[in-house]
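A.B. asks: Take any residue in the sequence shown, count from 1 to its spot, add 670: that is its number in the working numbering.
Zero decoy hints are in this set.
Simulated restraints, written as ranges between beta carbons of each label pair: (1) Asp-888 - Ala-797: 20 to 26 Å; (2) Gly-802 - Asp-888: 28 to 34 Å; (3) Gly-731 - Val-809: 44 to 50 Å; (4) Thr-808 - Lys-906: 40 to 46 Å; (5) Tyr-815 - Ala-905: 35 to 41 Å; (6) Gly-731 - Ala-797: 38 to 44 Å; (7) Thr-708 - Gly-731: 22 to 28 Å; (8) Ser-760 - Asp-733: 38 to 44 Å; (9) Phe-807 - Thr-895: 29 to 35 Å; (10) Tyr-815 - Asp-888: 29 to 35 Å; (11) Ala-794 - Pro-738: 42 to 48 Å; (12) Lys-783 - Lys-706: 42 to 48 Å; (13) Ala-812 - Ser-760: 21 to 27 Å.
These are computed hints drawn from the structure, not numbers from a lab.
Everything numeric in this text was worked out from a predicted model, so none of it was measured.
Glycine included, each C-beta is placed from N, C-alpha and C at the ideal position.
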Amino acid sequence: MTEFPHPMRLAAGSHEPGSGKGCAMNVISYVNGDTKITDFPACSARPLARMVQIANDRLAGADGFLSPEDSVRVLDLGWRTVGTAGADDSVLWRWLHDLLVDPGHGVIRHADKRGREAIGRVAALLARKANGEDVDFTVANAAAYAAYAAVDAANAAAYAAYAAAANTNAAYAAVDAANAAAYAANAAAANTNAAYAAYAANAAAVANAAVVDAAVVDLADWAVTRWRELQGLDAKPVDIEAAALNDAFSRIGATA
Numbered sequence: 671m672t673e674f675p676h677p678m679r680l681a682a683g684s685h686e687p688g689s690g691k692g693c694a695m696n697v698i699s700y701v702n703g704d705t706k707i708t709d710f711p712a713c714s715a716r717p718l719a720r721m722v723q724i725a726n727d728r729l730a731g732a733d734g735f736l737s738p739e740d741s742v743r744v745l746d747l748g749w750r751t752v753g754t755a756g757a758d759d760s761v762l763w764r765w766l767h768d769l770l771v772d773p774g775h776g777v778i779r780h781a782d783k784r785g786r787e788a789i790g791r792v793a794a795l796l797a798r799k800a801n802g803e804d805v806d807f808t809v810a811n812a813a814a815y816a817a818y819a820a821v822d823a824a825n826a827a828a829y830a831a832y833a834a835a836a837n838t839n840a841a842y843a844a845v846d847a848a849n850a851a852a853y854a855a856n857a858a859a860a861n862t863n864a865a866y867a868a869y870a871a872n873a874a875a876v877a878n879a880a881v882v883d884a885a886v887v888d889l890a891d892w893a894v895t896r897w898r899e900l901q902g903l904d905a906k907p908v909d910i911e912a913a914a915l916n917d918a919f920s921r922i923g924a925t926a
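From just these sequences and the hints, can you work out the full model?
C.D. replies: Here it is in structure tokens:
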């Protein structure tokens with residue numbers, strides 16, 4: 671990562687130019703030269719941008735700002751999404767599959783029994799699509815309904831845990847894990863819907879965060895790395911030019 675000539679602090683949320691605030695993906699959008707500054711730069715795959723946004727917001731302190739150290743950390747994550755837009759559909763399907771069932775990072779780790787069954791069902795469909803097979807809409811839709819049923823069941827368990835004053839973190843993580851599967855199935859049914867894929871990424875990140883906030887950053891790091899591997903890209907783009915980065919922060923008005 672480029673060495674920065676001054677301390678910088680990112681902020682939670684998305685902000686308009688000149689507001690004095692900006693999240694990591696706003697900065698990437700500036701550096702990329704987008705005509706409209708957004709959380710979803712044209713150079714970045716939408717699901718990855720969403721995961722970086724969540725990591726950005728989770729690292730913010732009570733004042734809504736990230737520390738200089740965490741700002742560098744999350745901006746590095748955002749910069750690694752550059753060049754991931756426009757990937758082949760098979761990359762998205764394989765990535766969603768891994769997001770669900772990867773042994774070390776998949777949301778299946780947070781699911782209950784019913785959720786694991788639904789997640790496995792959706793993952794099998796995604797693997798077929800990644801291999802170029804056609805998946806019938808009704809089959810994908812049925813998998814989505816099964817996942818939503820798992821969401822309802824997990825929600826009921828979470829509410830019961832809350833009523834019993836038990837630790838609800840794991841229960842709500844199970845809800846979000848099932849939600850990730852449902853959105854992934856919807857993406858499959860819609861035949862590559864970037865919005866559904868982003869929702870799946872969002873649910874996966876939140877499932878991790880329900881267990882421990884730091885986990886959402888680790889998941890985003892893995893998710894970006896895995897996408898770049900599947901797309902055949904280098905581990906990261908070339909370093910951000912200091913002049914371009916400083917110009918972006920100057921336009922945002924965010925320095926220290």
